[in-house]
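For reference, the chains in residue letters:
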Amino acid sequence: MTFAQVLTPPSVGWIAIAPEIVLGVGAALILLFDVQFKPKKSQLAFATALVLVTAFVFTIVQYDRVQTFNSATTDQVTDLVAQAFPFNLMIVLDSNAVFGRFAMLLVTGLGLAAGWRLFERLGARAAEGLALVLLSAAGFTFMASSTHLMMIFLGLEVGSISLYVLAGITREQPRSEEAAIKYFLLGSVASAVFIYGVALTYAGSGSMNLLEIQGIVSRTVFTRPAVLLIGIALMVVGMGFKVSAAPFHSWAPDVYQGAPGGIVGYMASAAKIGGFAALIRILFTAFPDFASTWGPLVAGIAALSMLLGSTVALVQDDVRRMLAYSGVAHAGFILTGVVAGGAGTSEVWFYLGVYTVQLVGAFGVVAAVAGAASSGASIDSFRGLSKRVPFLAATFSVLLLGMSGLPLTSGFVAKFGVFTEAWQAGYEWLVIVAVLASVIAFFFYLRVIVAMYMEEPVDEAVAMPGLSVRTSLALAALITIVIGVLPGPLLSLAGEASPL
Amino acid sequence: MIEVTAGWYLSLAAVLFSIGLLGILVRRNALIMFMCVELMLNAVNLTFVAAGRALGNLEGQVAVFFVLVVAAAEVVVGLAIIVAIFRRRESASVDELASLRG
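Residue numbers (my numbering), protein chains in the order written: chain Y, 3 to 502; chain V, 394 to 495.
Quick caveat, the hints were computed from the structure, so don't treat them as lab data. What you are looking at is a predicted structure, and each value in this text was computed from that prediction instead of being measured. Backbone N, C-alpha and C fix where the C-beta goes; we use that ideal spot for every residue, glycine too. Incorrect hints may appear among the rest.
Pairwise CB distance ranges (calculated) [said to hold, decoys possible]: (1) Ile434/Y x Thr398/V: 46 to 52 Å; (2) Val476/V x Ala30/Y: 22 to 28 Å; (3) Ala476/Y x Ala477/V: 42 to 48 Å; (4) Ser294/Y x Gly416/V: 33 to 39 Å; (5) Leu461/V x Phe89/Y: 17 to 23 Å.
Incomplete in silico selection of chain Y near chain V, CB under 7 Å [said to hold, decoys possible]: (6) Ile163; (7) Arg173; (8) Ala182; (9) Ile197; (10) Gly208.
Calculated from the model, a selection of chain V residues having no Cβ within reach of chain Y, i.e. all distances over 10 Å [to be verified]: (11) Ile395; (12) Thr398; (13) Trp401; (14) Val408; (15) Ile412; (16) Val419; (17) Met426; (18) Glu452; (19) Val470; (20) Glu483.
Just need the whole structure built from these sequences, with the hints factored in.
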């Protein structure tokens, strides 16, 4: 071997992390740009849109690359494995990661557009807020695209710590501060619980790489698997916190009520995408053989989330608290798909994709009605909205009906998918609970729609939102209807999304 | 003479972690609660180091560095939030933060 061959630089699979590089570097450049040139808000908006579109283009390139992996012949496989697992198996380029990025970037774009008025009102802090949003998006997509538990933890922290700051970014408002400290304290406890689960899994199995763990646990007969089982349970609990599943949901209503209205839709959706992406990866890649052990745990959390979320949401007088509790219920519905194991992956992704779009849209309407920098949105301020701003009332109704799972909306297809998978996996009781919970949930969505259409208008003037907000809300409502009528394309895209 | 095996360290870490978690539940001062989170993270570090040594691989030792960095980042954000609240209220007790009812 000659010296030159020894010194050949290793080929680095940059394409596998290109969207995250774009998001991270973009966030840094926006901060520098802001300090140096004091740009107008419209220029900041343009820069952020440019970053998101560039990241999106790289994700399409990745999608194309994954297609070639999947259609590769056997003699090409060894060559392609290195490309699919760059960075010493820390990152994986598969359809699961690519679908996670698509969902995350869509939600980020919609969320920023719907809450743009918040960034206009933040003044000099607008660029910081935008940079934090981009960084947290990068963190959560890393959670979807790693097979290493330490990397998943780092992605989780990059995303979560950015969200703690975003929750308190309107610090003039006491409620925003309060939301930030509550989110921070409970969120860091959840992170500690998760990383303790990682440590115990490592102690029990000897590896932190999910693929290696799978290999080890599948050919080892554990005489005392307690350490490993506690580790799995703690990781599930930690992720349960992040996706606001009951009984770990207590932070969600306070945070989603107190955090600034313009960003709360993004916060809620991003944490759900990241948390479920990591949960799918950990449970389905590393522990498919332990499904009989973690299945009942996840099913219990799912049942409790659905029942508690739906019933408590009924008695809320604040629309943002109601949406937070409905988010708890939806975390339960998505977990119903998770208990089905690897077979449920595509249904879980489909549900996540359509629900997060509805959630971002719904919080966008709330921000347009109650103010983008506000804390809280009483249901009274929605009275007679159909007579004041018909556009907002109509889009909100479509999005709420979509969340309730009415046929001909995307929510119905999503619920049908996860329920079918859970039923086939033998969790009939869970599906019955889920159907009951959906019926209860229908009432509180209906309560808001009744207030908007059948009650006398209150005097509060609501301005017609700006063009970016209107586009974003209309797009969210349109996606809800179009996917409900024609779910085929998204179903096939989500159908490909399975972790390696 | 009792030999101190990895199990002892894991048990000690579990105890420390439980003390931290209990502290979060019973203490009402935001700073103390925050210190309890740090205690939990250090229990995690002890688990990583003990497991890494028992297994004879370096991954556990390296993991500690990552956890430390994350803990430092959390300190930066957490203390900033606590200071912002203290300036307004002259108190770091979470009981007074009750305008949002969970």
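Status of each hint after checking the structure:
1. One distance hint, 46 to 52 Å for the beta-carbon pair Ile434/Y and Thr398/V, holds here, with the actual separation near 48 Å.
2. One distance hint, 22 to 28 Å for the beta-carbon pair Val476/V and Ala30/Y, holds here, with the actual separation near 25 Å.
3. Separated by about 37 Å at the C-beta atoms, Ala476/Y and Ala477/V break the suggested range of 42 to 48 Å.
4. Checked against the given bound of 33 to 39 Å, the beta carbons of Ser294/Y and Gly416/V, roughly 35 Å apart, stay inside it.
5. Separation of Leu461/V from Phe89/Y is about 21 Å and conforms to the stated range, judged on CB atoms against 17 to 23 Å.
6. Given hint, Ile163/Y at the interface with chain V, holds; its Cβ is 5 Å from that chain's nearest Cβ, closer than 7 Å.
7. Hint status for Arg173/Y relative to chain V: holds, with the closest Cβ pair at about 5 Å, below 7 Å.
8. Annotation: Ala182/Y was flagged as interfacial toward chain V, and the flag holds, the nearest CB pair being 5 Å apart, inside 7 Å.
9. For Ile197/Y, the shortest C-beta to C-beta distance to chain V is roughly 5 Å, which falls under 7 Å, so the interface hint holds.
10. Hint status for Gly208/Y relative to chain V: holds, with the closest Cβ pair at about 5 Å, below 7 Å.
11. The non-interface label for Ile395/V is consistent with chain Y: the shortest C-beta to C-beta separation is roughly 20 Å, beyond 10 Å.
12. The claim that Thr398/V lies off the interface holds: its Cβ sits roughly 13 Å from the closest Cβ of chain Y, which is beyond the 10 Å cut-off.
13. Distance check for Trp401/V against chain Y: the nearest CB is about 13 Å away, which clears 10 Å, and the non-interface claim stands.
14. Non-interface call for Val408/V relative to chain Y: holds, since the shortest CB-CB distance, roughly 13 Å, exceeds 10 Å.
15. Distance to chain Y confirms Ile412/V as a non-interface residue, since its nearest Cβ pair spans about 12 Å, more than 10 Å.
16. Every beta carbon of chain Y lies more than 10 Å from that of Val419/V, the smallest distance being close to 13 Å; the non-interface claim holds.
17. Met426/V, annotated as away from the interface, has a beta carbon of chain Y within 10 Å; the closest lies near 6 Å.
18. With 10 Å as the threshold on Cβ separation, the claim that Glu452/V sits away from chain Y is violated: the shortest Cβ distance comes to roughly 6 Å.
19. Here Val470/V does not stay apart from chain Y, with its beta-carbon only about 5 Å from theirs, under the 10 Å limit.
20. Separation of Glu483/V from chain Y is adequate, the least Cβ-Cβ distance of about 13 Å exceeding the 10 Å criterion.
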